[in-house]
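*Asks:* Read off the chains here:
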Amino acid sequence: MKPPAFRYHAPTDLAEALDALAEVGHDGKVLAGGQSLIPMLNMRLAAPAHLVDINGLSELAYVRTDPGGVAVGALARHAEVEADEAAHAVVPLLRQGLRLVAHPVIRNRGTTVGSLAHADPSGEMTAVLALLGGSMTLARKGSTRTVAVEDFFVGPLEASIEEGELAVAAYFPRLPGRTGTEFVEIARRHGDYAMCGVAAAVTVDDDLRIVSARAAYLSLSPVPLVLDLTDALIGRTADTAVWQDAATLAAGSLEPEGDIHATAEYRAQLAGVLTVRALRTATERAALVDPNGTTGTTSTERSAR
Amino acid sequence: MTDTQIPTEQRLDIRLSVNGVPHTTTVTPRRLLSDCLRHDLGLTGTHVGCEHGVCGACTVRIDGKPMRACLMFAVSAQGHEITTVEGLAEPDGTMHPVQQAFRECHGLQCGFCTPGFLTVVSAFLEENPTPTEEEAREAVSGNLCRCTGYQNIVKSVLRAAEITEERKGCAHAEGDAR
Chain H
1 MKPPAFRYHA PTDLAEALDA LAEVGHDGKV LAGGQSLIPM LNMRLAAPAH
51 LVDINGLSEL AYVRTDPGGV AVGALARHAE VEADEAAHAV VPLLRQGLRL
101 VAHPVIRNRG TTVGSLAHAD PSGEMTAVLA LLGGSMTLAR KGSTRTVAVE
151 DFFVGPLEAS IEEGELAVAA YFPRLPGRTG TEFVEIARRH GDYAMCGVAA
201 AVTVDDDLRI VSARAAYLSL SPVPLVLDLT DALIGRTADT AVWQDAATLA
251 AGSLEPEGDI HATAEYRAQL AGVLTVRALR TATERAALVD PNGTTGTTST
301 ERSAR
Chain S
1001 MTDTQIPTEQ RLDIRLSVNG VPHTTTVTPR RLLSDCLRHD LGLTGTHVGC
1051 EHGVCGACTV RIDGKPMRAC LMFAVSAQGH EITTVEGLAE PDGTMHPVQQ
1101 AFRECHGLQC GFCTPGFLTV VSAFLEENPT PTEEEAREAV SGNLCRCTGY
1151 QNIVKSVLRA AEITEERKGC AHAEGDAR
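Keeping their order, the protein sequence lines are chains H and S.
Numbered per the numbering used here, the first sequence spans residues 1 to 305.
Numbered per the numbering used here, the second sequence spans residues 1001 to 1178.
Don't read these hints as lab results, they were simulated from the structure.
Treat each hint with caution, since some may be false.
A few chain S residues facing chain H, derived, Cβ under 7 Å [claimed, not checked]:
| no. | residue |
| --- | --- |
| 1 | Glu1009 |
| 2 | Pro1029 |
| 3 | Gly1053 |
| 4 | Thr1059 |
| 5 | Ser1141 |
| 6 | Gly1142 |
Computed from a predicted structure; not experimentally measured.
For glycine and all other residues, C-beta sits at the position ideal for the given N, C-alpha and C.
Chain H with its partners taken away, still in its complex shape (with noise of 0.2 Å):
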């Protein structure tokens, strides 16, 4: 199907569509990458009165990393953020989920910072963002705020991006210490949203001893889940741990939901097998990192195209 009628902003700056978002207020719908919101027009799920197109806002185009974490720019393609070296070393867990989202091909169109401001539980960077702990940025005429993770998910597809407000970037903090991470997901078919997935963190000391181990859960709730699932692995090791118990204690705290793709219980099964195979990886990482590893120093900007 076709997309309904619109009117079509293409402001070149930032000024410019903060301006037009001001002016056209909740009639109106950011255009980023358009890989969710234009499936929704095609199939008329939403007809909104005007489209302000930030496609031209090349100074949005960046992936900017220090040592403490990684801003990306509303404009900043997920392939972008995914192929960037200096992003990986200092948050592995980015490409760990963007390589999960969709298909290469969306992912040359599709943006990182779209994706968090469409908010859907399924969608992979949701997870990521939750599980660091990181937050937005929200830009609007006049004013800018910057809202922490917590506060961001509202529900199933809906952020707390207000009237006339452009979510402008998206900070994905470093893990401290000896930190692993992972991202593990099952879909019915490769690129499609999962049935369920887990990204863990899991901090380890100068043993190698487990300190803490937490995991977010993708397509379980209508906002992402962060479990601290400390308690179950706490003491142990790579090689002394009881996986099972991590999963028992998440499964406690889920209340997965059945739907054409997947029964509830099935859910539930993938997410305790999930558990043990993203907390089992994200160890064995963590015990690789160098805690005093200088990572992340360097800055890399990139063009819009």
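Add chain S to chain H, keeping to what the hints say.
*Replies:* Using the frame of chain H, we list chain S on its own:
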């Protein structure tokens, strides 16, 4: 009959560069790039399947990178170089290595999905000239084909890598002869 007030839809004059050729046309903002290529510019090589980004038939290359033409508006494609399946062959008609490989390996049957595969694979081999079979499968994972069962498509990807290499060898040999 009652008069119905039909609001005038915004129309924009756009300039697109497709396969190195500049085009100008007038579109509504909601004109999808896939429809603009086919209906406004007459380039019907780009096929339209699902129109929500799943099937991959409409894939074109934007500044070299494969993207879904059904998930882009024509207005957004201004200022970028668009390559469609029509732009893959040499000007003298010599097939692109990927096209030749799909022909040799029977990588197509009805041909509906083929333009999407050709554009995706041509870009993939520029990034990875010597893929493994697994990498070849991953590369075409975003494109649906209902005829072939994919076996011959994967063979075609690997064969296209060989042909590209062979042609480079020929070019070198010709260079040496001079």
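*Asks:* Work down the list of hints and note, for each, if the structure agrees.
*Replies:* Hints and how they fare:
1. Glu1009: holds, 5 Å
2. Pro1029: holds, 3 Å
3. Gly1053: At 6 Å from the nearest chain H Cβ, Gly1053 of chain S passes the 7 Å test, so the hint holds.
4. Thr1059: holds, 6 Å
5. Ser1141: With a minimum Cβ separation of about 5 Å from chain H (threshold 7 Å), the hint on Ser1141 of chain S holds.
6. Gly1142: holds, 3 Å
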